[in-house]
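K.L.:
The residues making up each chain are set out below.
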Amino acid sequence: MPRFFQRRPVRIIGIALIVAVLLIASLALGSLKHYSPQNYIQLILDGLRAGSIYALMAMGFVVVYSVTGIINFAQGEFVMLGAMICLSVDAMNLPLSPALKMIAAIAAGVLLTTGIGILMERLTIYPARRSSAVTLIIITIGVTITLRAAALLIWGADPHVLPAFTTLALEDRIFRFGGVMIQAQSLWIWATLAVILILLYVFLQRTLIGKALRACAVNRRAAQLMGINPSRMSMLAFALAAALGAVGGIVLGPVTRPIYDMGVMLGLRGFVAAIIGGLVSVPGVVVGGLLLGVIENLAAGVTDPAFKSVVSFIILIAILLLRPQGILGGGEKSTEEL
Amino acid sequence: MIQKQINDQGGILGPDDIRHPVTIVIYDDKTSNDDTVSNVNRLISEDGVVAIVSGTSSGASVAEIPICTENLIPCISMASAASITHDSKTNTEFKWMFKTPQTNGHAGQWQADYLKAKGVTNICILYTNDGYGKDSLANYKAAAEADGLRDIFDSSYAATDTEFSAQLAGVQASGCKAVEIGSTPPVASLVTVAVRNAMPNLIITSGHGICNQSYITTAGQAAEGVVFPCGKITVIDQLADTDLQKPVLQKYITDYTAFTDGEAISTFGGHAWDGLTMIVQALGSLKDGMALADQRAAVRDYLETKIVNWPGISGVFNMSATDHNGLTKDSLLFVKVQGGKWVAFPQKDW
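Here the protein sequences line up with chains A and B, keeping their order. Residue 42 in this note's numbering is what sits at position 42 of the first sequence, and the numbering runs on without skipping anything. Residue 101 in this note's numbering is what sits at position 101 of the second sequence, and the numbering runs on without skipping anything.
Just so you know, not all the hints are guaranteed correct.
Said to hold, decoys possible - Which residues of chain B face chain A? A partial, calculated answer using Cβ under 7 Å:
| no. | residue |
| --- | --- |
| 1 | Ser155 |
| 2 | Tyr157 |
| 3 | Ala159 |
| 4 | Ser165 |
| 5 | Ala166 |
| 6 | Ala173 |
| 7 | Ala198 |
It should be emphasised that the hints constitute simulated quantities derived from the structure, not laboratory data. Every value quoted in this text rests on a predicted model; they were computed, and no experiment measured them. Built from N, CA and C at the ideal position, the CB exists for glycine as well.
Please construct the entire structure, taking both the sequences and the accompanying hints into account.
P.N.:
Structure follows, in structure tokens:
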């Protein structure tokens, strides 16, 4: 089956068939619930919003995996830390206007989380850098549990409130077009994803240090021979992943209510998105994240919401069985591109 | 606390006018079914108690039914599910089981009555996918049907969910005019916000699981106008002075605060207080020198027949052979969120 699926025309027809069957099935199920077109649009929009966050998370997975070969399970905790630090700074009594305070809070959230990412790499990954990848992955799970427990001690078990960017208040501005609702925060989320994509592209393609990072991803040994320090690149990868996670958590914060264990489900979803994208290509995982968000939301909408997580894990298993290199990757070659 | 109060007076006053000291044995069940069962066994066989107040969760309370029944010992549960005292197979009450909290049936009745008064016919129910939520769904549905309302869409979510667009799409497509929410905070707050954002004109009602200030704090503006019934202890400042329970509640709050050095009052303490106070009162009716088994039977009969028009913390109890809870929906006060607080919302204002 996998080999059969390697052949391009077969693959395209196969995927198109699956998509068509699923679409017809979901329309049929939706009509049972009397869904109007607005309902579908709403589900897709909300799915795209969640998917953008998955995409930001998946980029974090990709950056760390490409450079170090590790799946960093603490990625979800970076999201939680970003949101939590941001809302704590925002709640402080600073002599700033609300807008400036929000900007300061966002900066603090991103910078401090990045710092935690660097610390994590230096304190837990660097000392064990000669161990096998499995050991390192288990270390990241340990860090995850530690960070979550620390967050529970610091922020308690109750959800917190991060003000919406547009109104700087608990209540967000909401746009309504003929039965479809968009929160202003969704626009912030999409804009953030776009800006991050551009910045990441410029960083990886146009700056020396970005090129060094890519070189390390392509071939660590060769990069080392060219005078690139892989341990420094590993640190940089963790810093980048932490910053990406923090940004995701901060823009997502106002839509939900940040809570100490929000990283668990987000981390898993981000991982699924990264797998869909093949774990190595940034554009691939962005598409993967958005796809996952939409599919998950539509499937939950037309069937039972209880199936939402089931759907993402079915996708995960299906991808791992049929296309371990990701649905967008072009075969073996793609495993060495960032 | 109760043991100290009683024994400070020298014990319970028996019919023979002699005071008998009381010992209350306390074990922690850690809200675990296993621990509850072993504690109850221990109380019966090792401690030889006359009656038991046990079971803080519905699951644990159901687990102790066979033990209490086989050992012929009266047990009073502090959990809400109707199945704790009611045997649906024979449609009778379990002989040895009692319970003191208000049920989700009462909460469902309040919401259904309110929505009926508002002229709503089609409702949606959203609930957490756990014991409380499922019991809420069943009871809200039954209460709604009894009032001639139709539940045209119901859907659940996990207590950790933050994204509800799938559930809301169903609510929107069904065209119902009101949503009943069967959840506890924090997820109850998130659902409220999501419903308000998507459909600002929908009426939102909820069960008594959200009678907690954190519900309003987390939901913010979205909580405004949400109506729900509350245990009276959480809304004592909203009670009319004629309320039978008011003096009992005030005394309990004063005593409890003094005894625990100002710990927060919770409804659970109230459920336990009701059960213990009933038992203590029942013990007062016992004659001297009765065998343990006779004492247990006498306490049970007392609970079933003598707890009538009995104001407690959780409500005014009227126990009977067909009702081992003894509360009506009036044990809960209907409130509305207004200006970030709950305000009494009596039927005449609907």
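K.L.:
Quick one: which hint numbers does this structure break? Sort them smallest to largest.
P.N.:
3
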